[in-house]
Amino acid sequence: MKKVGKIILICIVIAIVISTFVFLWNKSRPKVTMYDIVSPTIATIENKTIATGKVEPRDEILIKPQISGIISEVLKEAGEMVKVGDVIATVKVIPEMGQLNSAESRLRIADINLKQIEEEFARQKQLFDRGIIAQEEYNTSEATYKKAQEEKTNAQDALDIVRDGLSKRYANLSNTQIRSTITGMILDVPVKTGNSVIQANTFNDGTTIASVANMNDLIFRGNIDETEVGKVKEGMPIVLTIGAINTKKFDAQLEYISPKGTEQSGAVLFEIKAAVNVPDSVFIRAGYSANAEIVLASVKDVLSIPEHTVEFSNDSAYVHLLKGMESEQVFEKKLIEIGMSDGINIEVKSGLTKEDKLRGGVINTKVKSQKG
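Final position of the sequence shown in the working numbering is 393; the numbers increase by one with none missing.
I should point out that these hints are in silico values taken from the structure, not numbers from a laboratory. All the pointers check out, no bait thrown in.
With a straight-line cut-off of 30 Å between C-alpha atoms, the simulated DSSO-like cross-links for lysine-lysine are:
no.	residue 1	residue 2
1	K75	K269
2	K375	K355
3	K173	K146
4	K355	K321
5	K252	K321
6	K213	K75
7	K75	K254
8	K370	K252
9	K146	K136
10	K213	K113
11	K344	K370
12	K69	K269
13	K344	K375
14	K254	K294
15	K321	K375
16	K104	K213
17	K355	K378
18	K167	K146
19	K85	K75
20	K113	K97
21	K69	K321
22	K355	K344
Please model the entire structure based on the sequences and the hints provided.
Encoded structure:
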């Protein structure tokens, strides 16, 4: 048993020695690294930045009631087109008991006064017809009578407004009919029949009946990092990519850059706005997320090479020119002058021609063949 163990141990040692020898022998053999060969090309290089945001209407109007009450009917739905003055919903007024009681009391008093003044005016008219009283006295009595009539009419209107929300004289201007104030598309109707609504006042914004916007006038609203905001300015062209319509790109024009940044997740961002040019054949919904591609600088039809082929040393840039390929690739290090880069390709201002061949990335490494 001991003899078998010794034999196994000896075999293990021999295997380790042989593998070590093979490893060192392979490592000592000369190797050749093969590189991909790259040629300069004529291209346009652009320096871009990306701003993230969303597309929304330039002006979204919130329609609010001018009177408090309960929604009795909703006549429009989100997505429908409306014009100025179109009725979106109607409100049923729930009268406040104190105001209702005061209005009814005012009407009763006005009615009593009118009856009394009417009788007095009738007597004055008879006396005037007989020539007993002067014209001036009759005119005064007639004016008092007409005032009493007007007071009763006003009292009746006040009661109608408190009780029903409108008066007969101004039924066409009823506050109970909630109308659109602009022409556009209804984006949202957050209320339903039976909901209570309140009018806008000093202490409350009021209940939103609907939001309406002109969907033909859209803007991109996004944010740009503080490191890039100094490179952009109003009027610059933008290429917009919308996530929901990723097969198309849309032109836009930068028209606003916020003078004040806001901190978000440790980064300072500045808001930007751009007017979007939307073809008639495309419908864009409000709130679509989008990316804005802003070209900060560009050079056209310049000699360019992949940036990974360039080596940098201090303030100088070098490439490796292919000099021959007899038994292996032979390269020569050459100084060049570079220009703009887009992160993938870089402009070459001098030092290269279109016919030059450059060392690219490593393809493979093989053992150099031994001759003789």
